[in-house]
Amino acid sequence: MAAAVAATTSSDINSMSTSSTKRSAVPSLSFFKDWTYVPAPESSDHIHLKDQYGLFINGEFVRPHSKRYFDTINPATEKKIAEIADADEKDVDAAVTAAANASAKIWKRMPGKERSKYIYRIARMIQERAREFAVIETMDGGKPIRESRDVDVPLAANHFFYYAGWADKLDYAFPNRRPQPLGVAGQIIPWNFPLLMAAWKIAPALACGNTVVLKPAETTSLTALKLAEIIQESGLPAGVVNIVTGFGKTGAAIVNHPGVNKVAFTGSTDVGKIIQKAIAGTGKKATLELGGKAANIVFDDAPIDQAVEGIVNGIFFNQGHVCCAGSRLLVQEGVAEIVIRKLKDRMETLIVGDPMDKNTDIGAINSKEQLKKINEYISIGVNEGAELYQSSCTLPSKGFFCKPTLFLNTSQSHRLVQEEIFGPVLAVQTFRTVEEAIEKANNIPYGLSAGIWTDKGSKIFNMTSKMRAGVVWANTYNKFDPTSPFGGYKESGYGREGGLHGLLPYVQW
Amino acid sequence: MPRVEVLKTYKIAIGGQLPRTESGRYYPLTGKNGTPLANVSLSSRKDLRNAVVAARSACGGWSGRAAFNRGQILYRIAEMMEGRKAQFIDELMLQGSSRAAAEKEVTMSIDRLVYYSGWCDKYQQSFGTVNPVASSHFNFSVPEPTGVVAIVAPEESGLLGLVSVVAPCIAGGNTCVVLASEQRPLSSITFAEVLATSDVPGGVVNILTGTTKELLSHFASHMDVNALVYCRHDAAEKMSIVQLGAGNVKRTMVWEKDWTKDEQENPYLLLELQEIKTTWHPIENIGASGAKY
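So the protein sequences, as listed, match chains A and B. Each step along the first sequence adds one to the number in our numbering, with nothing skipped, and position 508 is 508. Each step along the second sequence adds one to the number in our numbering, with nothing skipped, and position 55 is 55.
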């Protein structure tokens with residue numbers, strides 16, 4: 001959000017107001033009248049896409065046994081981009097068989113030192129084709145090009161680079177143990193960070209000597225398939241990574257396949273629970289990275305302008321399609337008024353629109369279904385009696401878009417506060433004491449992440465240790481790194497991805 | 001006239017108290033030659049729920065204690081057991097063990113407590129990390145207790161099995177609700193008496209006696225239990241705990257181990273009942289270019 005941030009901080013934000021009466025009295029900047037941004041679209045001329053994609057099984061792109069294909073569309077334009085194969089049980093079986101063969105015959109036996117070099121190759125090839133990946137990610141998923149270019153793609157490459165180095169050093173990760181691979185990992189990933197999630201899943205699995213059957217989400221298969229092309233080019237032995245596309249049924253076929261030794265799933269808590277039930281009694285290991293409803297807690301001694309940026313980044317990053325999004329704002333009463341005023345002002349400056357435009361802060365909602373779900377929650381919020389505020393931006397006439405939204409006067413029992421929306425909708429609550437903030441923050445079934453904003457160090461460590469959440473950001477939000485473990489407490493799932501701790505779910509002894 | 005023996009009533013342990021089961025029901029336990037040993041509480045779902053409430057309320061205090069202090073308390077449990085060694089040996093023999101086996105089981109149990117006492121303030125250093133993130137942030141990961149842990153203790157090893165599972169659980173700052181061995185339950189209640197005199201805060205270890213048939217589904221489906229450790233061998237039970245546990249994404253694990261083996265005491269068991277928390281904080285960059293060593 002660099003352009004808009006710079007503009008905001010260079011103005012006197014205190015004098016800004018959304019109310020038109022105040023606006024005439026106090027000079028302020030109107031970003032849509034006085035400052036207009038010239039469109040700065042990223043070019044898509046250089047990308048290579050096929051009209052139709054098969055399944056990547058045993059090192060080859062093959063036609064699906066089902067003979068069925070479905071369309072993947074650009075959610076910002078609703079135009080079809082390509083056709084994607086819909087894998088059935090036979091296809092999944094072929095992929096698992098290929099993975100099991102590759103595991104037994106090659107990958108499990110290959111010295112870590114050699115395995116690592118393949119993973120390094122993949123990392124490098126993603127870096128070389130970074131821009132193409134970023135553009136396709138934005139076209140297929142709707143996220144702003146700035147985010148796919150600066151966050152998703154570099155992090156994905158770095159993830160492979162980081163885990164590549166672990167492949168021959170696993171004995172040092174687990175003292176007094178000789179870690180061995182599990183076998184075939186069945187991995188199912190969501191649509192919010194398609195390439196990055198593929199990297200989070202594949203890189204540690206390969207480093208630990210496992211082979212992979214990965215299913216991307218049906219609305220965002222393209223970058224995983226482009227990754228399959230890289231994997232093919234990299235010379236990685238056939239069958240070590242297999243990518244099968246499709247819907248929930250395809251995912252279920254992976255989870256239930258007897259040849260799968262490990263299930264890694266990122267997605268909703270509802271589906272996570274179904275998976276946990278499905279693998280009962282099978283001996284399959286699981287990593288579940290599920291939903292969240294993070295509290296972003298602002299104390300009265302917080303650096304307010306930084307906190308407002310953090311709140312905006314927390315909930316509007318990637319259209320709020322983030323499991324660790326700071327979707328609940330808990331603000332201490334003494335500063336509630338000023339924080340909310342500044343937050344509303346800041347929301348006015350957010351540019352919602354063409355994801356391919358480098359000025360865009362908030363892109364397209366990933367799918368029609370998701371937009372419908374978000375709008376349902378907005379109605380629920382209104383019906384529950386919360387006070388709705390949306391920025392006054394205009395939305396494009398085509399595509400799936402949602403205005404940055406916040407709800408004031410919400411209470412702990414509201415569905416808006418308890419349930420994951422997965423969209424740019426922020427529920428605001430206030431609190432008086434530290435105890436109340438802790439109580440409210442933890443009083444939900446989720447426990448993925450939390451944010452703390454205060455200038456007092458001792459308060460930071462009190463709060464971070466009291467949060468029942470796997471990732472806690474203090475005076476920052478939504479930061480990710482391959483060396484940093486990520487994952488939840490409670491109903492946000494179990495197991496960690498990233499860092500040394502991300503190796504544990506892929507080994508046994 | 002010979003003296004009439006005073007028979008011990010074996011109760012259960014909830015929240016630092018040793019109450020009778022609210023069910024008002026018992027099952028008779030008999031010794032080798034069929035002589036009655038004791039009436040053992042058939043704990044009910046309500047007992048379980050009370051125990052979970054006690055465990056939950058003890059959670060904050062226990063996990064918030066200095067790790068060093070937790071280590072001292074575990075060591076104190078070992079001290080108290082050492083003092084009542086003879087009683088534990090007698091009790092195991094009553095329940096069918098030979099003297100040699102009983103002595104071995106008791107001494108191993110004591111040593112196991114000493115072993116985990118030492119881990120209380122060390123596993124954080126073995127399993128915690130400072131993560132070298134690429135951005136200007138200080139980032140570290142530490143293990144934290146999962147919370148309330150339900151334990152279905154090993155059936156064949158009434159004391160050593162129980163201690164081998166409870167010790168890593170509470171060493172890691174968790175609190176627990178334990179279902180004791182059904183056929184060898186007496187040591188578990190005597191162990192609860194030891195705990196009550198070992199500075200272990202009430203509610204940290206709650207021990208119920210009874211049957212898996214009556215209680216297992218409630219252990220597995222309770223929404224305020226964070227993890228379930230199952231230490232028995234029934235395939236159908238193993239499957240059902242995972243299915244029922246999914247209701248609140250419970251961490252369910254099966255620990256089927258030979259607890260008489262030394263390798264079954266290790267910090268990786270402790271780690272299975274930990275969550276990893278990662279904390280980020282920005283590092284100011286101003287002046288960095290002028291820094292000198």
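Just so you know, not all the hints are guaranteed correct.
Claimed, not checked - Calculated pairs, BS3-like style, for lysine-lysine (alpha carbon to alpha carbon, straight line, at most 27 Å):
no.: 1; chain 1: B; residue 1: Lys-257; chain 2: A; residue 2: Lys-277
no.: 2; chain 1: B; residue 1: Lys-11; chain 2: A; residue 2: Lys-277
no.: 3; chain 1: A; residue 1: Lys-169; chain 2: A; residue 2: Lys-249
no.: 4; chain 1: A; residue 1: Lys-285; chain 2: B; residue 2: Lys-257
no.: 5; chain 1: A; residue 1: Lys-67; chain 2: A; residue 2: Lys-117
no.: 6; chain 1: A; residue 1: Lys-456; chain 2: A; residue 2: Lys-398
no.: 7; chain 1: A; residue 1: Lys-80; chain 2: A; residue 2: Lys-456
no.: 8; chain 1: B; residue 1: Lys-122; chain 2: A; residue 2: Lys-273
no.: 9; chain 1: A; residue 1: Lys-273; chain 2: A; residue 2: Lys-169
no.: 10; chain 1: A; residue 1: Lys-373; chain 2: A; residue 2: Lys-249
no.: 11; chain 1: A; residue 1: Lys-358; chain 2: A; residue 2: Lys-273
no.: 12; chain 1: B; residue 1: Lys-122; chain 2: A; residue 2: Lys-459
no.: 13; chain 1: A; residue 1: Lys-277; chain 2: B; residue 2: Lys-238
no.: 14; chain 1: A; residue 1: Lys-169; chain 2: A; residue 2: Lys-113
no.: 15; chain 1: B; residue 1: Lys-122; chain 2: A; residue 2: Lys-277
no.: 16; chain 1: A; residue 1: Lys-117; chain 2: B; residue 2: Lys-261
no.: 17; chain 1: A; residue 1: Lys-105; chain 2: A; residue 2: Lys-80
no.: 18; chain 1: A; residue 1: Lys-466; chain 2: B; residue 2: Lys-122
no.: 19; chain 1: A; residue 1: Lys-285; chain 2: B; residue 2: Lys-46
no.: 20; chain 1: A; residue 1: Lys-117; chain 2: A; residue 2: Lys-90
no.: 21; chain 1: A; residue 1: Lys-169; chain 2: B; residue 2: Lys-213
no.: 22; chain 1: B; residue 1: Lys-32; chain 2: A; residue 2: Lys-273
Quick caveat, the hints were computed from the structure, so don't treat them as lab data.
Q. Which hints, by number, does the structure contradict?
A. Violated: hints 2, 3, 5, 6, 7, 8, 9, 11, 15, 16, 17, 19, 20, 21, 22.
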